[in-house]
Amino acid sequence: NAGVMQNPRHLVRRRGQEARLRCSPMKGHSHVYWYRQLPEEGLKFMVYLQKENIIDESGMPKERFSAEFPKEGPSILRIQQVVRGDSAAYFCASSPPTTGTYEQYFGPGTRLTVT
Amino acid sequence: DAKTTQPNSMESNEEEPVHLPCNHSTISGTDYIHWYRQLPSQGPEYVIHGLTSNVNNRMASLAIAEDRKSSTLILHRATLRDAAVYYCILRRYNTDKLIFGTGTRLQVFP
Chain A
1 NAGVMQNPRH
11 LVRRRGQEAR
21 LRCSPMKGHS
31 HVYWYRQLPE
41 EGLKFMVYLQ
51 KENIIDESGM
61 PKERFSAEFP
71 KEGPSILRIQ
81 QVVRGDSAAY
91 FCASSPPTTG
101 TYEQYFGPGT
111 RLTVT
Chain B
1 DAKTTQPNSM
11 ESNEEEPVHL
21 PCNHSTISGT
31 DYIHWYRQLP
41 SQGPEYVIHG
51 LTSNVNNRMA
61 SLAIAEDRKS
71 STLILHRATL
81 RDAAVYYCIL
91 RRYNTDKLIF
101 GTGTRLQVFP
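Protein chains in written order, with this note's numbering: chain A, 1 to 115; chain B, 1 to 110.
Treat the hints as calculated values from the structure; they're not laboratory data.
Some hints could be false.
[As the list claims (entries may be wrong)] Below, in silico cross-link-like pairs of lysine-lysine (DSS-like), each with a Cα-Cα straight-line distance of 25 Å or less:
no., chain 1, residue 1, chain 2, residue 2
1, A, K51, A, K62
2, A, K71, B, K3
3, A, K62, B, K69
4, A, K51, A, K71
5, B, K69, B, K3
6, A, K44, A, K62
Given the structure is predicted, the values throughout are model-derived calculations rather than measurements.
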C-alpha cells in the first residue's frame, strides 16, 4: 500500500506566478489535510477536506490560497500570485474515512521556493 | 486548544533509553495525547497516542500521569535513526486538525 504521495517534491516559482501542489492520499483514505512549515518553524494547519467538501479552512490565508479535493484525482493546493513569504514546505496528510482519533499519515512534502 | 510544553532539545547516546517529557496542565477529559516525530527533511510520522492508560507499540511507549497533566514518550533503545523533532499534541476526540508546537529536538550520539 503506497503512502501519501505529493508532487512535485520541489517547486520554484517567480513572484506573481501560480503554484499548484498535488496530494494523493493513501488508498482508502478520504480525508486530506494540508499543513505549511515555514523555515525554522513548526507545522501550521491550513485546511481539512473530504471528497468534494472543505470541512475546515480556518488556517488558510484569506487571499490567494485555495484547496480542493475532487471526486476523482488528487487534492490540489493552489497558491496564486506567489510572494517570497510563501516559500515553505507544504505537507499533505490523509486519514481513514471514520472520524475519531485516527492518526494522520503524512507525505514527504513539497518544498516551494519563490524567487 | 489546550497547550503542551516540551523542552527545546534533548540528547541521548545510542542504545540508551530516552524519556521525552510533555506537560499539558490544561488538558480536558476528551483530549487524546498524540506524539508525532519529524525526521530531517521528511514529513511528520505518527508515533503513538493514548487517553488515560499507558500505551506500548513497536516504536515507543507512552506513560501518562494519573492526573493526565503530563506524559512521557519513552524510546527504549535510541538509535541514530531516532534523531528527530518530537511533537506532543493534544487532539480532542472527533476533531480534525493537529496543532503542532515547537517540539523537542532529539540528538542521538553514537
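Against the structure, the hints come out as follows:
no.: 1; hint: K51/A - K62/A; verdict: holds (22 Å)
no.: 2; hint: K71/A - K3/B; verdict: violated (36 Å)
no.: 3; hint: K62/A - K69/B; verdict: violated (36 Å)
no.: 4; hint: K51/A - K71/A; verdict: holds (6 Å)
no.: 5; hint: K69/B - K3/B; verdict: holds (11 Å)
no.: 6; hint: K44/A - K62/A; verdict: holds (15 Å)
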